[in-house]
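Asker: Chain by chain, the residues run as shown.
2 protein chains.
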Amino acid sequence: MAIARKTAEMAEPAPRERILAAAHALFYRRGIRAVSVDEIAEAATTNKMTLYRHFRSKDLLVTEYLRGRAADAERIWDDVARAHPGAPLRQLEAWVGKISARLAENGNRGCAIANAAIEIPEKDHPARPVIERHKSLQREQLARLNRLAGFTDPERLADEIFLLLEGARVNVQSVGRRGPGGRFKERALSLVKSAARRTS
Amino acid sequence: MAIARKTAEMAEPAPRERILAAAHALFYRRGIRAVSVDEIAEAATTNKMTLYRHFRSKDLLVTEYLRGRAADAERIWDDVARAHPGAPLRQLEAWVGKISARLAENGNRGCAIANAAIEIPEKDHPARPVIERHKSLQREQLARLNRLAGFTDPERLADEIFLLLEGARVNVQSVGRRGPGGRFKERALSLVKSAARRTS
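First to last, the sequence lines map onto chains A and B.
Take the first sequence: its position 196, counted from the start at 1, is 196 in the numbering used here, and no numbers get skipped.
Take the second sequence: its position 170, counted from the start at 1, is 170 in the numbering used here, and no numbers get skipped.
Chain A extracted, bound-state conformation (with noise of 0.2 Å):
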């Protein structure tokens, strides 16, 4: 009986990771509002009453669904460390291009975190603080390479890099990847190559 339950559980994800992938794939593409707990519930095959079991609200569920986004994004960093141990321009440089190649693919909306944001005015929303955290962290995390590789000013380049980042990630929404936004590799490592560095 426990076994039948477990190869069952393997063959089909569990209710819970099912209304999450629904959560991500419909929030991202049309927006945290635009999407009803009804229309999550039936892309995963499930029911309100489960959702709501597993999740509470839809600011609970909202929530979750941005503790994975962050966690994707903060992935991204240990990617680029294990590619490039003790060498944080490198680190910096792959960064930028594969955060790079991730805004030119397509159905690309930027950071569901940064438009989440946007979509939630509320301070008191239990997403505020997955949000801070995470936007903060990443501008660290930049910081934190820039001190490492030398620079000079690390928390100039820091600002300087995470803003044309989040600039990017909203242009692409509003003009396409023909606009600005679309050079953002190009203007960041720009950017990158005309800080000063202590000479090494």
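Simulated from the structure, these hints should not be mistaken for laboratory data.
Please note that a few of the clues may not be correct.
Which copy is meant is left open, so a pair is good if it fits within one copy or across any two.
When the alpha-carbon atoms are kept at most 30 Å apart in a straight line, the in silico DSBU-like pairs for lysine-lysine are as follows [claimed, not checked]: (1) K58 <-> K48; (2) K123 <-> K58; (3) K185 <-> K123; (4) K98 <-> K185; (5) K98 <-> K48; (6) K185 <-> K48.
Treat the numbers as computed from the prediction; the structure is a model and nothing was measured.
Using the hints provided, position chain B relative to the given structure of chain A.
Answerer: Okay, now just chain B, sitting in the frame of chain A:
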């Protein structure tokens, strides 16, 4: 009779203006999708029938709201041109200052038009041409001033300032004004200062 009507109109804005003012206040503060047509009609002390007589649909009201926001943003270029005639570099710096001051205002939720681009992924929405036209124009205005000011790579500097600003406007919504978005003015002016200009 005609005079009496004119006096009444002067005492109180016509329904169309009241509806647009209410749409502006509510859409900007809470987001386009979060606000219903009923709420706007009520805030404008009119009714839904009058609203639809003037704007036909919520989508067309959103479009008209964004046209107003675009015109407002575009006026800033005229203001700085009048304040610093024949001095493109000072116009550019004054524009950065004005935009930055807005970003620091209480209740600022970034750029209404960029926010709309995120809330409206539909490519056939009537607001789409307004969004694209405005964002292209803003970037082109920056490039134009950069050319006049004699920067050797006016397009690059235009991309940098433009994306920095778009990023700052999103970032203040993610982490507040103490994050990198709150340093937009300082960062943008530093890019202007370090960009190469033809010897004049």
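Asker: Does each hint hold? Answer for all of them.
Answerer: Going through the hints against the structure:
1. K58 <-> K48: Result: close both inside a copy and across copies, 10 Å intra and 29 Å inter.
2. K123 <-> K58: both (16 Å within a copy, 26 Å between copies)
3. K185 <-> K123: Answer is between; shortest inter-copy Cα gap is 25 Å, intra-copy 33 Å.
4. K98 <-> K185: both (9 Å within a copy, 28 Å between copies)
5. K98 <-> K48: Neither: 37 Å inside a copy, 48 Å across copies.
6. K185 <-> K48: Neither, since 42 Å and 47 Å both go past 30 Å.
Figure legend: structure checked against the earlier numbered hints; hints not met, in rising order: 5 and 6.
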